[in-house]
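Undergrad: As given, the protein sequences belong to chains A and B, one line each in that order.
With the first letter of the first sequence counted as 1, position 21 gets the number 15 in this note's numbering; the numbers rise by one all the way through.
In short: position in the second sequence from 1, add 122, done, that's this note's numbering.
Calculated from the structure, these hints are not laboratory results.
Certain hints may be false.
In silico contact screen, one side only, chain B against chain A (beta carbon under 10 Å); selected entries [as the list claims (entries may be wrong)]:
1) Phe172
2) Leu178
3) Ala190
4) Arg193
5) Tyr194
6) Glu198
7) Lys209
8) Val212
9) Asp221
10) Gly223
11) Gly227
12) Leu229
13) Ala256
14) Glu258
15) Gly259
Stretch by stretch, here's where chain B covers chain A in the computed footprint (C-beta under 8 Å, at least three residues) [stated by the list, open to error]:
16) 39 to 48
17) 84 to 93
18) 114 to 123
Since this is a predicted model, take the numbers as computed values, not measurements.
Glycine included, C-beta positions come from ideal geometry on N, C-alpha and C.
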Amino acid sequence: MVKYTLTYFEGRGRAEVSRLIFAAAGVKYEDVRIGFDKWPALKTSGRCPFGTLPLLEVDGKAIGQSFAVARFLANETGLAGKTNYEKAQVDMIAYAFKDLGDEMVKFAFESDEAKKAELTKKFLTEIAPKTLSAVEKLLEANNGGKGFFVGKEVTWADLAFLASTDDLVQFKDAKLLAAHPKLEALRQRVSALPKIKKWLETRPETPF
Amino acid sequence: MAKYQLSYFNIKGIAEPIRMLFAVAGVEYEDIRIQPEQWPSEKASGKYPFGSMPILVYGDIKIAQSFAITRYLANEFGLNGKTNLEKANVDMIADALKDIGEKIGKLFQEQDETKKAEKLAEIKRTDVPTYFGALEGILKDNKGGDGYFVGDDLTWADLLFFSQSEYYPMMLNEDVLISYPKMKALRDRINEHPRIKEWLEKRPKTEY
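Between the sequences and the hints, there should be enough to build the whole structure, so can you do that?
TA: In structure tokens form, the structure reads like this:
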């Protein structure tokens, strides 16, 4: 029986896609969440390959970098797509949401109020709509967009999308998904999968 | 018979590891280079899923996002490690190389010469030792570090490293690898790989 330990801060952030993969696959793991005060010690402990979180430890091996972790777990649990091409399509979509996350980080930590407002506006009116349109087109190209992003089954591309929407829905006024009904339908479809639904209901509520 | 088509600008950049993959695998492809003045109409054509390059087209297959493309081809050509764990290590190394590559690239774009010198000193003091120290460690842990980053064979992580190392003297004002002997030796080893050597001789010569 393989033992997985996933370590991250007390939030969804860059670990949530991996937690969703564990949930969807029905695989048990230790969901370690550390406070910011504990981070300096962990960072210098040498356990994190590049001094960053999330960190996956499995059978004495350590893997860092959020998407290296997610893709490994998806490959191990059959949630990565079936062919090299499907895996590439999954990657492409997952990266689109990672980029959105990186853009959000830019204004989330901006201390200059004016700059923050400017970056937020650009995100909500240009960057996010552009990305959502592009991924919705890819969804539609897969059987009219009535199923999942890639192939016939859920993959971690759908889970990366779900994790991203946790942050996007916080911008209530922008109603980012309202302009993309097929994406909203996908969000509901993935959220309703029994194992995902259970995780969404029982996971800790966190601001990020 | 379908032929691979890779489209990018006429620079090395993030497409160069992909071109090197084709070279090492000995696979023919169309190395399409879009000139800056062509790009606006290309972009508006709708050919590019995310309005960006590189993209790879191969018959019905179309993939955007540089790492999605690189990983796809590496999987197809057997240059992505043998197990899911090896692939995860390749991914982790590639993501780290991308992170430090972006930090270096960003400081290189600084216009103010004084600020640039300050940022350069800072990056050499902090990020370079953090990332390169970790990479040197990972390389050494792989059977002493006289082979490749992961497993027994060349992977796209090695090619990504080699491709990025071409920029170090220009962007960091020195050959920073002198302090990281195993990585330096790996770079020199790849430089001597017959198919890489051949590509370096025949590829278009561009500043970036």
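Undergrad: Take the hints in turn and mark each one as holding or not.
TA: A quick look at each hint next to the structure:
{"no.": "1", "hint": "Phe172", "verdict": "holds, 5 Å"}
{"no.": "2", "hint": "Leu178", "verdict": "holds, 8 Å"}
{"no.": "3", "hint": "Ala190", "verdict": "holds, 4 Å"}
{"no.": "4", "hint": "Arg193", "verdict": "holds, 6 Å"}
{"no.": "5", "hint": "Tyr194", "verdict": "holds, 4 Å"}
{"no.": "6", "hint": "Glu198", "verdict": "holds, 6 Å"}
{"no.": "7", "hint": "Lys209", "verdict": "holds, 7 Å"}
{"no.": "8", "hint": "Val212", "verdict": "holds, 8 Å"}
{"no.": "9", "hint": "Asp221", "verdict": "holds, 8 Å"}
{"no.": "10", "hint": "Gly223", "verdict": "violated, 13 Å"}
{"no.": "11", "hint": "Gly227", "verdict": "violated, 15 Å"}
{"no.": "12", "hint": "Leu229", "verdict": "violated, 17 Å"}
{"no.": "13", "hint": "Ala256", "verdict": "holds, 5 Å"}
{"no.": "14", "hint": "Glu258", "verdict": "violated, 12 Å"}
{"no.": "15", "hint": "Gly259", "verdict": "holds, 9 Å"}
{"no.": "16", "hint": "39 to 48", "verdict": "holds (count 3)"}
{"no.": "17", "hint": "84 to 93", "verdict": "holds (count 4)"}
{"no.": "18", "hint": "114 to 123", "verdict": "violated (count 0)"}
Checked against the numbered hints above, the structure breaks hints 10, 11, 12, 14 and 18 and satisfies the rest.
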